[in-house]
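Given the structure of chain A, go ahead and fit chain B onto it with the hints provided.
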Amino acid sequence: EDKVVQSPLSLVVHEGDTVTLNCSYEVTNFRSLLWYKQEKKAPTFLFMLTSSGIEKKSGRLSSILDKKELFSILNITATQTGDSAVYLCAYCTQGGSEKLVFGKGTKLTVNP
Amino acid sequence: DSGVTQTPKHLITATGQRVTLRCSPRSGDLSVYWYQQSLDQGLQFLIQYYNGEERAKGNILERFSAQQFPDLHSELNLSSLELGDSALYFCASSASSGAENIQYFGAGTRLSVL
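Line by line, the protein sequences give chains A and B.
Taking the working numbering, the leading residue of the first sequence gets 1, the next gets one more, and so forth.
Taking the working numbering, the leading residue of the second sequence gets 1, the next gets one more, and so forth.
Source of the hints: derived by calculation from the structure; they are not laboratory data.
In this text the structure is predicted, and so the values were computed from the model without any measurement.
Built from N, CA and C at the ideal position, the CB exists for glycine as well.
Do not take every clue at face value.
As the list claims (entries may be wrong) - Going by beta-carbon spacing under 8 angstroms, a handful of chain B positions derived as facing chain A: (1) Q48; (2) S94; (3) F105.
Stated by the list, open to error - SDA-like cross-link-like pairs, simulated, lysine to any residue; straight-line CA separation at most 20 angstroms: (4) A:K37 to B:D40; (5) A:K3 to B:G42; (6) A:K67 to A:V110; (7) A:K41 to B:G3; (8) A:K41 to B:Q41; (9) A:K56 to A:D83; (10) A:K107 to B:G42; (11) A:K104 to A:I54; (12) A:K107 to B:L39; (13) A:K41 to A:V110; (14) B:K9 to A:T44; (15) A:K37 to A:K104.
Bound conformation, chain A alone (with noise of 0.2 angstroms):
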């Protein structure tokens, strides 16, 4: 079964600290994979991975993916306060549907 792993589960830290967050997956018909941050309410769009290797990046975030090995991380350098919020991963397959399979997230609790 297609499925989407994300670690840790939560992580507290303070301000100025980077923390790396996971994600593996395991799909048949990859297509991208996306990483989304939830606060109050609406998934907002982070990255849209396509190509291995290649790293995006927005300011102190940045995102990188292996097709190898079936796996994506996302960097937060520097953090911040507002940071906090669950960081959700999900994969989009090839072919009809373009539905979006999510991984339960990661809550990055930043504190002052």
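This is chain B only, laid out in the frame that chain A set:
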């Protein structure tokens, strides 16, 4: 703001009742997706519509149905509600299919079945 609008924000109803959740996609987006988020299950795909036609179904219950109208807004109908249907229901939209298909989520409707 993602540009996806969902109404209502909150719904409180009783078991056995029927409710309708509404979604307006981002301007120009042809695909609409519905997801359910509960505490124990995480975000689960329910159904996708593309330009008015059903494209894919997930583990959507038979008591649930959806449609997409000519103006591309979508409605999710939930009937014979049970306590276990209490959850956050999200709508997402995307421009079209293809490798760069990014789904943008609305703020969700929180359904409480009492």
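Hints and how they fare:
no.	hint	verdict
1	Q48	6 angstroms, holds
2	S94	7 angstroms, holds
3	F105	5 angstroms, holds
4	A:K37 to B:D40	19 angstroms, holds
5	A:K3 to B:G42	12 angstroms, holds
6	A:K67 to A:V110	30 angstroms, violated
7	A:K41 to B:G3	14 angstroms, holds
8	A:K41 to B:Q41	16 angstroms, holds
9	A:K56 to A:D83	18 angstroms, holds
10	A:K107 to B:G42	13 angstroms, holds
11	A:K104 to A:I54	25 angstroms, violated
12	A:K107 to B:L39	13 angstroms, holds
13	A:K41 to A:V110	18 angstroms, holds
14	B:K9 to A:T44	17 angstroms, holds
15	A:K37 to A:K104	12 angstroms, holds
Checked against the numbered hints above, the structure breaks hints 6 and 11 and satisfies the rest.
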